[in-house]
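**Q** Could you build all of it, start to finish, from the sequences and the hints given here?
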Amino acid sequence: MDTSTALEKAAAILQPWALATATPEPNRLDVVIERGSLIPAVKALVKARWGFFSALTGLDQPPSGDGEPVREGCVEVLYHFCSAAAVVTLRVSVPYSDAKIDSICEVIPSATLYERELIEMFGVECTGTPNTERLLLSDDWPEGVYPLRKSFTGFQQAEGQEANHGSAA
Amino acid sequence: MEAQRKFIVPIGPQHPALKEPGHFQFSVEGEIVTGATVRLGYVHRGIEKGAEARNWTQNLYLFERICGICSHVHATALALGAERLAGVEAPPRAQAIRTLMSELERIHSHMLWLGVAAHEGGFETLFMYSWRDREIVMDLLESLSGNRVNYSVNLIGGVKFDVTEKHHDEILKGIEILEERTKHYLKVVTTDRTFLARTRGVGLMTLQQAELFGAVGPTARASGVARDVRIDAPYEAYPQFPVRLVTDDGGDLLARFKVRTRELFESYRLIREILNHMPPGELTTRVPRRIPAGETISRVEAPRGELFYFIKSNGSEKPERIKVRTPSLCNWASVTQVAIGHKLADMPMILSGIDPCFSCNDRMVTINRGSSSQVWTWEELRRYGIEYYRQR
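Protein chains in written order, with this note's numbering: chain A, 85 to 253; chain B, 5 to 396.
Keep in mind the hints are simulated off the structure, nothing from the lab.
A portion of the hints provided could be inaccurate.
Stated by the list, open to error - Mimicking DSSO-like on lysine-lysine, the simulated pairs with C-alpha atoms at most 27 Å apart in a straight line are:
| # | chain 1 | residue 1 | chain 2 | residue 2 |
| --- | --- | --- | --- | --- |
| 1 | B | Lys-164 | B | Lys-177 |
| 2 | B | Lys-53 | A | Lys-234 |
| 3 | B | Lys-316 | A | Lys-234 |
| 4 | B | Lys-164 | B | Lys-316 |
| 5 | A | Lys-234 | A | Lys-184 |
| 6 | A | Lys-93 | A | Lys-127 |
| 7 | B | Lys-322 | B | Lys-164 |
| 8 | B | Lys-177 | B | Lys-187 |
| 9 | B | Lys-53 | A | Lys-184 |
| 10 | A | Lys-93 | A | Lys-131 |
| 11 | B | Lys-316 | A | Lys-184 |
| 12 | A | Lys-184 | A | Lys-127 |
| 13 | B | Lys-191 | B | Lys-177 |
| 14 | B | Lys-53 | B | Lys-316 |
| 15 | A | Lys-234 | B | Lys-322 |
**A** Pasting the structure below:
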């Protein structure tokens, strides 16, 4: 199956849930979906045996600054599926105020590590994910601080304490 | 009484043999592992965050340092992505040199793994020999780039050095010796009875499991998954120098040994092809300092499997976001699942079987019926594994 056929097939599979689609590069297809459509869309790809789940990317979109059109801060979650050279990305946006997304682990069990990373780096809750223990951040990392959000610019150096540096040995 | 026999064995986070720490918890019933979990991040350096505060050139150096073993593929993935966003392509000779380095790096990585895996299985002689012979390729890498690790081959838009006639002869001579040695290793790992007892039928992962767990690279190919980015989505000079897929249907540790060893022959063949058909021309092309806004996905085949980069530029000198998904992350999931039902004594071999870019353990605590406990070092666990098989 060549790349364009694979992408056409994926577009047909995902068509029922697609809010918008884009082809940023010849070998890629981006499909924007509602978060409620995530599980059915992922199921459809898996059922059709379209490629494999390759990676999960979080993208922080902070709220607009002064003088810009008002936009609420949100995290965009990208689910990348690869089939040979073709890459399909499901794009789901969740607002800061309700940063929740369904876990896809019931469909793809190996997604657990990626979801744990998303939870601690971006503060997006993955509803139903089997394990929410810390994966990457140190045990003494403060709750509610999400390092890959743009608003995080490092800790203020506290007195006598090395910031940004785990002391739990 | 049964419930009292269930122990949780923490393994990690430090390990002197493999690089990078990781922490596993195995629940065991007697000798059999019934569950496994993983905790990472002991060497989390915040590189993805750091990328957002550095310009593209600085990031090339930063990302080359993600891994000390497969440093070149990281820099290559970033350079290829940035070049695609900028709408430029490195000249053919630069692409060929990148590919040459990728394959030399694969040879050193696979030989390093062969030694480590043999060591975990108690086969010290194979460990010593494969690491001795690995020095040949390390010398080649050093003579080309000036470095044994972090070769710093790439620029965004090309490479830093040329391959001269002298290099050409050196490399051909080196891989001729390596090829002879690899034939010997393939014979050893497939015929040595003691070693086969540690690998045949151990850590079995079926084709369906490999696909379900999202395994990549040689770990997946040893379960019959036909997946290799060099073939599926050729980059660098791979379109001109096609790779032949190496797979095995065994799915066990033996198959992982066979696949990696046979991939070495494929690398030797590719290196000869590249050296004999090295395209002439420039080494670099001009790239703007500011990379145009956009998003791209860059995938390359690292020695351990598919390396995935998602790169977003906002049009400034610094990237908006670089997401890295390394192959080991995919293969960890397979270990924690495949470990279930195996003997504790097989864990060192199963862990090293995926060639993890993590490391495991310097001590393990055996929680013994809540009363007595003992602390084991990794060395003791390894000895335990070797002794266990010796007595059978």
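**Q** Could you run down the list of hints and mark each one as holding or not?
**A** Status of each hint after checking the structure:
A threshold of 27 Å between alpha carbons decides the hint, and for B:Lys-164 with B:Lys-177 the separation of about 24 Å falls inside it, so the pair holds. Proposed proximity of B:Lys-53 and A:Lys-234 is supported: the alpha carbons are some 9 Å apart, at most 27 Å. For the given pair, B:Lys-316 sits about 14 Å from A:Lys-234 by alpha-carbon distance, which is consistent with the 27 Å threshold. Between B:Lys-164 and B:Lys-316 the alpha-carbon distance is near 25 Å, which keeps this suggested pair within the 27 Å criterion.
Taken as a hint, the A:Lys-234 and A:Lys-184 pair is honoured in the structure, with Cα atoms around 19 Å apart against an allowance of 27 Å. The hinted pair formed by A:Lys-93 and A:Lys-127 meets the criterion: a straight-line CA distance of about 15 Å does not exceed 27 Å. Of the supplied pair hints, the one linking B:Lys-322 and B:Lys-164 holds, its CA atoms being roughly 22 Å apart against a limit of 27 Å. Simply put, B:Lys-177 and B:Lys-187 have alpha-carbon atoms about 16 Å apart, close enough for the 27 Å limit, and the pair holds.
Under the criterion of a C-alpha separation no larger than 27 Å, the hint pairing B:Lys-53 with A:Lys-184 is consistent with the structure, at around 22 Å. At roughly 13 Å between alpha-carbon atoms, A:Lys-93 and A:Lys-131 fall within 27 Å of each other, so this suggested pair holds. For a cut-off of 27 Å, the pair hint linking B:Lys-316 to A:Lys-184 stands: about 24 Å separates their Cα positions. As the CA atoms of A:Lys-184 and A:Lys-127 are separated by approximately 19 Å, the hinted pair is consistent with the 27 Å bound.
For the hint linking B:Lys-191 to B:Lys-177, the alpha-carbon distance of about 22 Å falls within 27 Å, and the restraint holds. Annotation: proposed proximity of B:Lys-53 to B:Lys-316 holds, straight-line Cα distance about 13 Å (limit 27 Å). Distance restraint check for A:Lys-234 and B:Lys-322: the Cα-Cα separation of roughly 14 Å lies within the 27 Å cut-off, and the hinted pair is therefore satisfied.
Of the numbered hints listed earlier, not one is contradicted by the structure.
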